[in-house]
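Could you build all of it, start to finish, from the sequences and the hints given here?
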Amino acid sequence: MRPAKLNGLLFLLSLLIVWELVTEARWVNPLVVPPLSRILRIFWELVISGQIPWQIAVSMKRAALGYLLAAAVFIPLGIIMGLSQSVHRALEVVIEMLRPVPPPVVIPVALLFFGIEDEMKIFVIFFSCAWPMLLNTIDGVRGLDWVLLNTAKTFRLSRAKTMWQVVLPAASPQIVTGLRVSLPIMLILVVISEMVGSTDGIGYFILDSQRRFKVAQMYAGMLALAILGYTLNQTFNLLYRSLLSWHWGMMRRVE
Amino acid sequence: MEERNKFNWAGWLSFGFLLLLWELGSRSVPKLQLFIPPVSQVSTALAQLTVAGPIAEHFTITVSRFAAGYFLSAALGVSLGIILGYFRSLHSLVEILIEVLRPMPSVAIIPVAVLMLGIGDSMIVAVTVYATVWPILINTLDGVRHIEEMLIQTGRTFGLSQRKILWQVILPAASPYIGTGLRIGLSIALILVTTAEMVAGSKGLGFFILDEERSMNSSNMYAGILVVAVLGYIINRLFLLLEAKIMKWHHGMMTRQTA
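Just so you know, the sequences run in chain order A and B.
Counting from 561, one number per residue, gives the positions in the first sequence under my numbering.
Counting from 44, one number per residue, gives the positions in the second sequence under my numbering.
No lab work stands behind these hints: they were computed from the structure.
Everything numeric in this text was worked out from a predicted model, so none of it was measured.
Possibly wrong hints are sitting among the right ones.
Claimed, not checked - Here are the simulated distance ranges between beta carbons:
no.	chain 1	residue 1	chain 2	residue 2	range
1	B	W55	A	L717	46 to 52 Å
2	A	Q794	B	R188	42 to 48 Å
3	A	Y800	B	L133	46 to 52 Å
4	A	I640	B	Q91	25 to 31 Å
As the list claims (entries may be wrong) - When the alpha-carbon atoms are kept at most 20 Å apart in a straight line, the in silico SDA-like pairs for lysine to any residue are as follows:
no.	chain 1	residue 1	chain 2	residue 2
5	A	K621	A	L743
6	A	K565	B	L140
7	B	K49	A	I655
8	A	K565	B	V137
For each residue, glycine too, the CB sits at the ideal point set by N, CA and C.
Take a look at the structure:
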């Protein structure tokens, strides 16, 4: 291990120890910041009892549905808008009008339509992941080398083949960027929408624990959320690398 | 390029067509009106709310919370970023701490903030600062670390004081990164203010929109959303204008350096 990294770990560890000592000594109100050991114990109990895994599963189901739905709609739309100047111009104004709406503000609209059902959260995530996915895909397709497209035409590749073998591979780094940028947005929006209107899910769990003054449980929920965020990010990075190595290999072959 | 400057007839036509479809669709299907009231009704509601005052009040509250949160984050994020970027050893000390804190979605801090600060302005500003500081800090840090060591060494060779190196070397050279961080922070701050107002607020546009939904006044709800969208748009535009001005100076500076 690098000595710098070791220093960082030691620093973090000493902060945690200070936290534990200060709270055990009751220098801060335990109703606001409980001792670390208590949080960890409750976290462990909640994991064993299945409470936390279940809340996370509920949230992730909603998040995944909204995210995948957004990808299924906005990546193809982005490809079409990237290829066709006229479609792009026709939709540009509508998109520019919708884009400045901060995603959480859409929650009341979704509540109006769907109540506090799963569809409400799915719609909110769908809406908020739309922009990074759409705009990145458009950029990726527009950055396409026209020689590639013309070559495909010369070889009389069918439209479908051109799409799958030329456009998609060449635009994939940008498309994947859009997918990656959407990931934390997805997580944030599932938490917010569960805080505003839900009866389960990790966002609801954290807010509900606070309202019942089960403070250690609230921190345990936040810890679970942090671990979830970290895991999601790492998993995607792994996928990203393998996807991109395929892409670079492909590009080399093209050259 | 030429095409970009032309007025986008097709775009505005399709936008107008959508509004017309909305108006006519809503008028012809009364069942829908609870969910999607006609555009005309929404605009009347907006006009009434503006004249009668509630919108202006919520708007002012939201804007002042946003401004307080954003400017605090900018000051904190840029200065911390420069310090951490400049003093490598300090950075290596807190690097892991940052990595541990970052993956948690920032909105999860709202319940903690409510516990510590209640449900007033200070809670909302604190939550906004917590979330907005990250992109500004990380981008500033990146910017400072990407400065060529030679620039700073040259500054030292010419006997510039620490303060002059900061203002005349580090800040200008890192400014494109800082600008990116500040721009990302803009939308995050607006998201956090409206979210906090929805989750635990009694005033502000976020609260207003959710409250109108709960009392089934969908026209007022849409009017509120429109106001937030316009606010977001204006904030973004203002920033881009300012950035273009500052960056013009930056490019001038950079070319002078290479020339």
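A quick look at each hint next to the structure:
The hint said 46 to 52 Å for the Cβ distance between W55/B and L717/A, and at roughly 36 Å that hint is violated. Take Q794/A and R188/B: their Cβ atoms lie about 23 Å apart, and the range 42 to 48 Å is violated. In this structure, Y800/A and L133/B break the distance hint of 46 to 52 Å, their C-beta atoms being roughly 30 Å apart. Separation of I640/A from Q91/B is about 41 Å and departs from the stated range, judged on CB atoms against 25 to 31 Å.
Restraint check for K621/A and L743/A: satisfied, since their Cα atoms lie roughly 14 Å apart, inside the 20 Å limit. For the hint pairing K565/A with L140/B, the CA-to-CA distance comes to about 11 Å; that is within 20 Å, so the pair holds. For the proposed pair K49/B and I655/A, the alpha carbon gap of about 18 Å is at most 20 Å, so the pair holds. Distance restraint check for K565/A and V137/B: the Cα-Cα separation of roughly 9 Å lies within the 20 Å cut-off, and the hinted pair is therefore satisfied.
Checked against the numbered hints given earlier, the structure breaks hints 1, 2, 3, 4 and satisfies all the rest.
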